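Novice: Here is how the chains run, residue by residue.
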Amino acid sequence: MALTRQQVEHIAELAKVGLSEEEIERFREQLSAILEYAAVLQRLDTETIPPTARVSDAANVMRPDIARPSLPVDQVLANAPARRDDSFCVPPVLEEPYEL
Amino acid sequence: MQLHELTIREAGQRLRRGEISSTELAAAMIDRIVAVDNDVRAYLTLTPDLAMEQARAADRRLAEARRSGDDALPPLLGIPLAIKDVLCTAGVPTTCGSRILEDFVPPYDATVVARLKDAGFVMLGKTNTDEFAMGSSTENSAFFTTHNPWDLSRVPGGSSGGSAAAVAAGEALGALGTDTGGSVRQPAALCGVVGLKPTYGRVSRYGLVAFASSLDQAGPLARTVADAALLLGAIAGHDPQDATSSPRPVPDYAAALGGDIKGLRVGVPREYFVPGMEPGVEAAVRQALADLEALGAVVEEVSLPHTEYALPVYYLIAPAEASANLARYDGVKYGYSAPAGELWEMYKRTRGQGFGAEVKRRIMLGTYALSAGYYDAYYLKAQKVRTLIRQDFERAFERVDVVVAPTSPTVAFPIGARADDPLQMYLSDVLTLSLNLAGLCGISVPCGFSNGLPVGMQVFGRPYDEATILRVAHAYEQATPWHTYKPGLG
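Here the protein sequences come in this chain order: A and B. Numbering-wise, the numbering used here puts 78 at position 78 of the first sequence, and it's gapless, one number per residue. Numbering-wise, the numbering used here puts 259 at position 259 of the second sequence, and it's gapless, one number per residue.
Bound conformation, chain B alone (with noise of 0.2 Å):
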């Protein structure tokens, strides 16, 4: 095995054996990219000086410890890992996959990007997203779009789709990703990796480039569930300087895993098997949760009437934040400037110059929602029927420990089949977007193949069950062979 396919784990427990340096291994990755980084295009920034740099540090650690017997490192020591470009990183261009921060260079690290640095990680550049984050295949990025590594010629799903590519091509061990909509699922479902969203308020939103602040989250993209386990634990937990985020204590996430799940009540949600769901993605969910009840569980179909609901929900509620988020890009701060005689001129110029199609409709639709007349119609209506939305996740959870569907009503779509019907593109998260709605956690697993392409499936659990999902998620993993399958790149 190539160090490249290493797991995180795999990889953790050779560095601390002293089988592998973590120098090796950073060079591993970076001999990687650049073998297949030209045609996946997971990457808006690579940052090898600065690998080698950590990945030095991590040895350093590491000799320190073999020689005292220190067996308290950090959980990440000398690991390998992708940012998505709408996290701060201090002194590395954030870009937001946009025109208007070409050049931005953060100040100061986003919280989930300092705790990946006090966990030992080694960065290896910043990967591509929608605009914004505002897509489901990063058709949107000013830049370029990132390639699917099981197809070429089709997406890897959105926004998070640079991270996504980047895990499922061996760029990265692991990768952080955000989740407003979806984007750290629909992107790991197309890409055949894992993803998880964690609840609202679970992790820290400090650094995190605001897009919609009542749905906005950021997640781990990783190859295994216990690699997510991991992420998840070093980034998760309260942070001062995100109000919003949970003081509640962070269970151990990898202990949580490998207990059985004997009599755990599996809830099948029959609004999300959509029209026009392809046919191989409804017969491998329905396979898998046929595996989960063979593993004990008890698999009921329970019914959110609501569903239909979320997509226009979401499309008025994102754009509605949105639209007062990006009001910060106004060519004065920091970005992009266009030069005007005066300062109206100058923010119409600026802003219609650096920002991109997507971006423009979602602020446009955003202001029209929020606009003197329409407020009560667009936006106060979807904030209402948002709560209906919850409830009906509420009372699910009376009868069931956790929620399944398909992640992705499709398996990855041809690059451009979407990009001119942004409501074409919309209907990509319709499975997704609920779980933001209702502030609940979600992992995204492999669950087969339609097509020769990945297919994903969802567990969706109660606010702060992290734990239980990842629980079901790994039981799953582990009686099934999906996670072992590889794109055959390079």
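So here's chain A without its partners, still in its complex pose (with noise of 0.2 Å):
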């Protein structure tokens, strides 16, 4: 199935992925190929088959309600691309800016 140009400026948005022009076409072609290759999955009836989501046999693993040590705050921080104190800063939310 093809899809539209809308439809991939659709899904780059729930995705949260900026998206080129160049970029928006090319994906629109390769997308719609691989979605017209998956298609050839409606020829099989499954009206009856159970999903399969995983393949462990786990089910409910608990563990003792016990707290453990954490990673020290700083280890934590230490890759953010912006902190402040003890903090990971990211630019507004809000649409009026709220000073720290």
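Among the clues, some could well be false.
[What the hints assert, rightly or not] Listed below are the simulated EDC-like cross-link pairs for lysine to aspartate or glutamate, each with C-alpha atoms no more than 16 Å apart in a straight line:
no., chain 1, residue 1, chain 2, residue 2
1, B, LYS262, B, ASP291
2, B, LYS486, B, GLU5
3, B, LYS333, B, GLU102
4, B, LYS333, A, GLU23
5, B, LYS333, A, ASP86
6, B, LYS348, A, GLU9
7, B, LYS348, B, ASP330
8, B, LYS333, B, ASP103
9, B, LYS117, B, ASP59
10, B, LYS486, B, ASP151
11, B, LYS333, A, ASP74
12, B, LYS348, A, GLU23
13, B, LYS348, A, GLU21
14, B, LYS348, A, GLU13
15, B, LYS262, B, GLU293
I should point out that these hints are in silico values taken from the structure, not numbers from a laboratory. Since the model is a prediction, treat every value here as computed from it, not as a measurement.
Take the two lone chains, each set in its own frame, and fit them into one complex as the hints suggest.
Specialist: So, in structure tokens, the structure goes:
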């Protein structure tokens, strides 16, 4: 099935991936080809087949509810592109900038 | 024989007997890397100082053991190995072959790395990979393409192409890779080495940077089956940090080798000799089946009727899981961050600029397959067909002990040949994906050459039956000369 340009833009918006004009067109073509290929699955009648989400036989794995040490804050923040004190720094999320 | 040509087993024996030291061995490996890696380009990061420090510690331990007569030494003491750069290494950059993690230095070790440390290994460095392990050639690495040691104009396979090339070129005695859809076995085949994908749950995924969480599994690459068994024994087992890792006891894999395979039932799936398969690949695998028969195995044809659906199922499920896993790269916690005036814009710029084309393609594909209105038609449908693929194997394993097939439909292809056509590249994995979807274990072993390039044969086993696939692969290896051939590098 062929995707439209609007669909590609919508997917990119959902995935929060900024694309150039050229990428939008290239992905439109390539993703359409891949989805067309995947359409072969529609040939199979799977009405009564349960889905497989995972192949592990483990279920409801619990561990004792005991507090354990976490990574030190400095190590956690060591890779942060921007930090202030013990926090990650991000650009404004709300309309009005919020002064820390 | 030069030190870099030793198997892990041979090196271990010489170290224990005091014939060589670990520092000598590590220095020889570093010399070898310096001599050939400008051509092969297997490593993204080299850690020579760490290697020498670990080697000195190993030598101290060996000397002490000789004094005290202690022979209970850790199994990989003083052995130089390489680690695929999607496995976290504390204090050593872990890029996943991506610009978005170019400067990332993990604060902890992946459990498999921690276990190798407990086993006494010496880390030579981090090996190249397709970005986030998404690819079949290393051409999707954001940094450079690794070259196949057998023919430098060709790809080493992928995504663990750096690990496979390093082992083939004598730049490491063994390595760890990861296999989500064939990423250990396919490069092992294309580089003429052994590669094993453990059963999902056999090896901890903690610290393995997630791509597709229901499929990912770390596994060893080595020059012999015995070495692969040794590495698997070191990394396998339950880990409280990974709830999907199995509490089943880990058998002694090295002890499982050496038994004969008389009467063992080998299934040959007719669907795996696909149209377009290189004639030299088919011929090598057919000969290998005859060799297994000569060793006493009972070879019979089996059918895995849903094989043709594995590729579309995989390329819906793996991207869907990836689209969720890769949401964490947002420019806030670690990695590349693009400046922007507000948060949503920062996410989009960071991810648009930080990810390469294949990663973006898969995030987009996965997001689409999971999105409202398409979930049932794509993602749920793929999960249902995954059940059918699993059932094919369950039925086959009622009749046979292992399934044997080619690992890749072709030998290593020229760099650039498939780079512009994602579907063509995906076909490289057509024979390996089902194993991950079905949660089985598998090993690829060298089984000959086609046009001067290595061919690999895969042995698939039942879940948690690594011992049997190792036994079959070992019996075959010992009866054939392929593991003794080395590329004519430097």
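Novice: Hints first: check each against the structure and report whether it holds.
Specialist: Status of the hints after comparison with the structure:
no. : hint                 : verdict
1   : B:LYS262 to B:ASP291 : 12 Å, holds
2   : B:LYS486 to B:GLU5   : 9 Å, holds
3   : B:LYS333 to B:GLU102 : 14 Å, holds
4   : B:LYS333 to A:GLU23  : 27 Å, violated
5   : B:LYS333 to A:ASP86  : 12 Å, holds
6   : B:LYS348 to A:GLU9   : 12 Å, holds
7   : B:LYS348 to B:ASP330 : 8 Å, holds
8   : B:LYS333 to B:ASP103 : 12 Å, holds
9   : B:LYS117 to B:ASP59  : 15 Å, holds
10  : B:LYS486 to B:ASP151 : 12 Å, holds
11  : B:LYS333 to A:ASP74  : 12 Å, holds
12  : B:LYS348 to A:GLU23  : 14 Å, holds
13  : B:LYS348 to A:GLU21  : 14 Å, holds
14  : B:LYS348 to A:GLU13  : 8 Å, holds
15  : B:LYS262 to B:GLU293 : 9 Å, holds
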